[in-house]
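Just so you know, the protein sequences line up as chains P and B, in that order. Residues in the first sequence are numbered from 1 upward in steps of one, following the numbering used here. Residues in the second sequence are numbered from 1 upward in steps of one, following the numbering used here.
Don't take each hint at face value.
As the list claims (entries may be wrong) - Cβ-Cβ distance ranges computed for the label pairs, FRET-style:
1) P/Pro-146 <-> B/Lys-86: 22 to 28 Å
2) P/Pro-79 <-> B/Lys-295: 14 to 20 Å
3) B/Lys-295 <-> P/Phe-129: 50 to 56 Å
4) P/Leu-4 <-> B/Gly-174: 39 to 45 Å
5) P/Gly-156 <-> B/Ala-429: 54 to 60 Å
6) P/Leu-302 <-> B/Gly-167: 54 to 60 Å
7) B/Asp-395 <-> P/Gly-118: 55 to 61 Å
8) P/Pro-146 <-> B/Gly-67: 53 to 59 Å
9) B/Asp-121 <-> P/Leu-76: 48 to 54 Å
10) P/Pro-79 <-> B/Lys-98: 50 to 56 Å
11) P/Gly-118 <-> B/Pro-97: 37 to 43 Å
As the list claims (entries may be wrong) - Cut-off 16 Å, straight-line C-alpha distance, at most; resulting in silico cross-link-like pairs (EDC-like, lysine to aspartate or glutamate):
12) P/Lys-136 <-> B/Glu-274
13) P/Lys-163 <-> B/Glu-274
14) B/Lys-308 <-> P/Asp-2
15) P/Lys-147 <-> B/Asp-404
16) B/Lys-433 <-> B/Asp-423
17) P/Lys-136 <-> B/Glu-267
If you're looking for bench data, these hints aren't it; they were derived computationally from the structure. None of the values given here were measured: they were computed from a predicted structure. Ideal placement from N, C-alpha and C gives every residue a C-beta, glycine not left out.
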Amino acid sequence: MDILFKILIDPFLQMGSAPDLLVQTIWEGFVTGVLYALIALGFVLIFKASGVFNFAQGIMVVFAGLTLVGLYEMGLPAPIALIVTLLVMYVLAVTIERVVLRPLVNQPDIILFMATFGITYFLIGLGEFIFGGNPKQMISEQLYLPKGSLEFKMLGGFVQLQKIDIAAAVIAMIMIIALALFFQYTRIGRALRAVADSHKAALSVGISLNQIWVIVWFAAGIVALVTGIMWGARSDVSFGLQVIALKALPVLILGGFTSVPGAIIGGLIIGIGEKLGEFYWGPLVGGGIESWLAYCIALFFLLFRPQGLFGDKIIERI
Amino acid sequence: MKMRKTTLGLATAVIAGTLMMGVETAKADDSIFVPLFTYRTGPFAGSGIPIADGMHDYLTMLNERDGGIGGVKIAIDECETGYDTKKGLECYDAVKPKNPVIINPWSTGITLPLIPKASVDKIPVLSMAYGLSASARGDIFPWVFNPPDTYWDGLGMILRYIGSQEGGLEKIKGKKIGYIYFDGGFGKEPIPLFEQLAKDFGFELKLYPVPPGEMQNQSSQWLAVRRDRPDYMVMYGWGAMNTTAVKEAAKVSYPMDKFISIWWPGEDDVRGTEGAKGFKTLNWHGIGTDYQALKDIQKFVVDKGLSKAPKDKVGELLYNRGVYNSLLIAEGIATAQKLTGKKVVDGADVRRGLESLNIDEARLKAIGLAGFTGTLQLTCNNHNGHRPSFVQQWDGAKWVKISDLIEPMPDKVKPALDAAAQDYAEKNAGWPKRTEACDKPS
Chain P
1 MDILFKILID PFLQMGSAPD LLVQTIWEGF VTGVLYALIA LGFVLIFKAS GVFNFAQGIM
61 VVFAGLTLVG LYEMGLPAPI ALIVTLLVMY VLAVTIERVV LRPLVNQPDI ILFMATFGIT
121 YFLIGLGEFI FGGNPKQMIS EQLYLPKGSL EFKMLGGFVQ LQKIDIAAAV IAMIMIIALA
181 LFFQYTRIGR ALRAVADSHK AALSVGISLN QIWVIVWFAA GIVALVTGIM WGARSDVSFG
241 LQVIALKALP VLILGGFTSV PGAIIGGLII GIGEKLGEFY WGPLVGGGIE SWLAYCIALF
301 FLLFRPQGLF GDKIIERI
Chain B
1 MKMRKTTLGL ATAVIAGTLM MGVETAKADD SIFVPLFTYR TGPFAGSGIP IADGMHDYLT
61 MLNERDGGIG GVKIAIDECE TGYDTKKGLE CYDAVKPKNP VIINPWSTGI TLPLIPKASV
121 DKIPVLSMAY GLSASARGDI FPWVFNPPDT YWDGLGMILR YIGSQEGGLE KIKGKKIGYI
181 YFDGGFGKEP IPLFEQLAKD FGFELKLYPV PPGEMQNQSS QWLAVRRDRP DYMVMYGWGA
241 MNTTAVKEAA KVSYPMDKFI SIWWPGEDDV RGTEGAKGFK TLNWHGIGTD YQALKDIQKF
301 VVDKGLSKAP KDKVGELLYN RGVYNSLLIA EGIATAQKLT GKKVVDGADV RRGLESLNID
361 EARLKAIGLA GFTGTLQLTC NNHNGHRPSF VQQWDGAKWV KISDLIEPMP DKVKPALDAA
421 AQDYAEKNAG WPKRTEACDK PS
């Protein structure tokens, strides 16, 4: 009886007794969720274009962040370092298309998936070779990112919003909306959707598969850079970030692998859900449940919608 | 034609490789092989790199300055573990055939599965201030050494320090102490003692585990800290966890002077972090290069381009921690040479050497480390030393020593340690009784 009280009643009593903490927890979950959504978006873009789960998206976040800070440490001014990093991500996209993807056209998806493992380990090695394995401080100030916090007295307590978190949420939202509009309403976006439906059909109407792949990998690189900057500013740029990037997996399971709105809604559900779960229910089992709770939330949704919230229902003839 | 060329090339490579191996084996015969398990890659590289550099450079300095130890060169070989237990065990299997005289796992997770192997393979394990606390009992774990302190000693010293801040240990009764920790072997290690001490001293213990995958995503834990408002926070963190914890603590406005860590955070974990000023950690050795041995490292290793460390990193906290680790290796080998009369010692000899380790003030002076650290004596029964440490505080630019030496809590720790060691031996059926003779009375 006591355990039922602790699971079903007590967390809600806690929420009622300290509503400021509830708001703070939801805010923290929201910021985390937006960043998860951003990472998930990188996966979705590539999955839509090639049907491949890009395992390298996590290391792309680290690589982009490391390149930016590394170039700054080498003496480039921050804005120039930012532009050069974008160029590096473009060169990376072209290289991946030429060296990895083009030779694998029409190969089974699993081959392309395994190739992204190869890209991961290559980027880990390259990043460590050029920039070393040491974590680096993000150059937030030089990029004019705000610091400090805003405190709002409310609900009998206070809610504290870090300015960097607000900036992260705003930039991520702008990024998500811009990418969604780009792929929804531009010629390239329509071409991408055509490629997603069928490589062969897209080729037959004159769409260049190679060009589309470069564009989506570059877009995923930009997303990785923004994620690297924002998450790097919240902690630091280290190879540990690639593990966090895998948190996008439950987001994708939940939102669907092919849906941009799914990545956003999925990110927010996972972000807010795991924070609420860890904060109110975590202590019942000794805490530290965040790492697996996200998967439980995703699996729960899968019971009712196996294709994810916004994913396409795939019916295959067997 | 092409095929023939390829075959010829391969054959040449195989012959050259075989010859090279021969040269290496010949060299190994008149050298002492010391593998260093390191992690210069992955999420823990921030802590791993300076330690690896310090360990490597001290041994290299001995090779360059003195021609090795007792006239025998040390063959140093790094194996990258990435702080991953599986890779650590692969490293162990890779180095074992080369007759290493000691293993430095540099991870509690890697140390634990190596403990039963040590006595079978006759290779001593040195887990310097980490690993299984109970392995301090030399009569039960004759092949494992964890000086100069166990994690349980560290906890005892932190509690003593908290007591001193409150006006006496009895004053911590009724206080709330939070423990934020890496949710793996290392962070879980002191929990049984922490729970026992909470009962003994009457304080409330709050646990905040940080899963390995969430090291850079700690907002939930620190929100819980804001909710629970502990009077003090204790941290056992590693790698990227330390930086994020300090940032998150500052974010929830936790008073930094009440946030005390075990001895692992280095300068890079706090430098440039807004709000880190006031953060405290334990330590037992000097920082900087104002010691003869460190100057020799600069002269014989760094200036000659034999170090992987940038010049400005030499002498930083974790670099010097690596130096301390290699000091123990070198002294273990030197003592073994003295005990056995052999120049080229093996693992069994070094085990005896470590067990007879006597690093007194005179010895510290002789090896160019006077004032660097306290003395250390190990015995057959005491493989740890349980030495005092001090508290240092980050002043925004550097670590500043702010306390005298603090003794561990032997009255509390020893019974718990004894019980844990007995428990380990009982739970591992067939745990061997010690048969190794003692070189000096305990």
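Going through the hints against the structure:
no. : hint                                : verdict
1   : P/Pro-146 <-> B/Lys-86: 22 to 28 Å  : violated, 42 Å
2   : P/Pro-79 <-> B/Lys-295: 14 to 20 Å  : violated, 42 Å
3   : B/Lys-295 <-> P/Phe-129: 50 to 56 Å : violated, 31 Å
4   : P/Leu-4 <-> B/Gly-174: 39 to 45 Å   : violated, 31 Å
5   : P/Gly-156 <-> B/Ala-429: 54 to 60 Å : holds, 58 Å
6   : P/Leu-302 <-> B/Gly-167: 54 to 60 Å : holds, 57 Å
7   : B/Asp-395 <-> P/Gly-118: 55 to 61 Å : violated, 47 Å
8   : P/Pro-146 <-> B/Gly-67: 53 to 59 Å  : holds, 58 Å
9   : B/Asp-121 <-> P/Leu-76: 48 to 54 Å  : holds, 51 Å
10  : P/Pro-79 <-> B/Lys-98: 50 to 56 Å   : holds, 52 Å
11  : P/Gly-118 <-> B/Pro-97: 37 to 43 Å  : violated, 31 Å
12  : P/Lys-136 <-> B/Glu-274             : holds, 15 Å
13  : P/Lys-163 <-> B/Glu-274             : holds, 13 Å
14  : B/Lys-308 <-> P/Asp-2               : violated, 58 Å
15  : P/Lys-147 <-> B/Asp-404             : violated, 37 Å
16  : B/Lys-433 <-> B/Asp-423             : holds, 14 Å
17  : P/Lys-136 <-> B/Glu-267             : holds, 12 Å
Of the numbered hints listed earlier, those contradicted by the structure are 1, 2, 3, 4, 7, 11, 14, 15.
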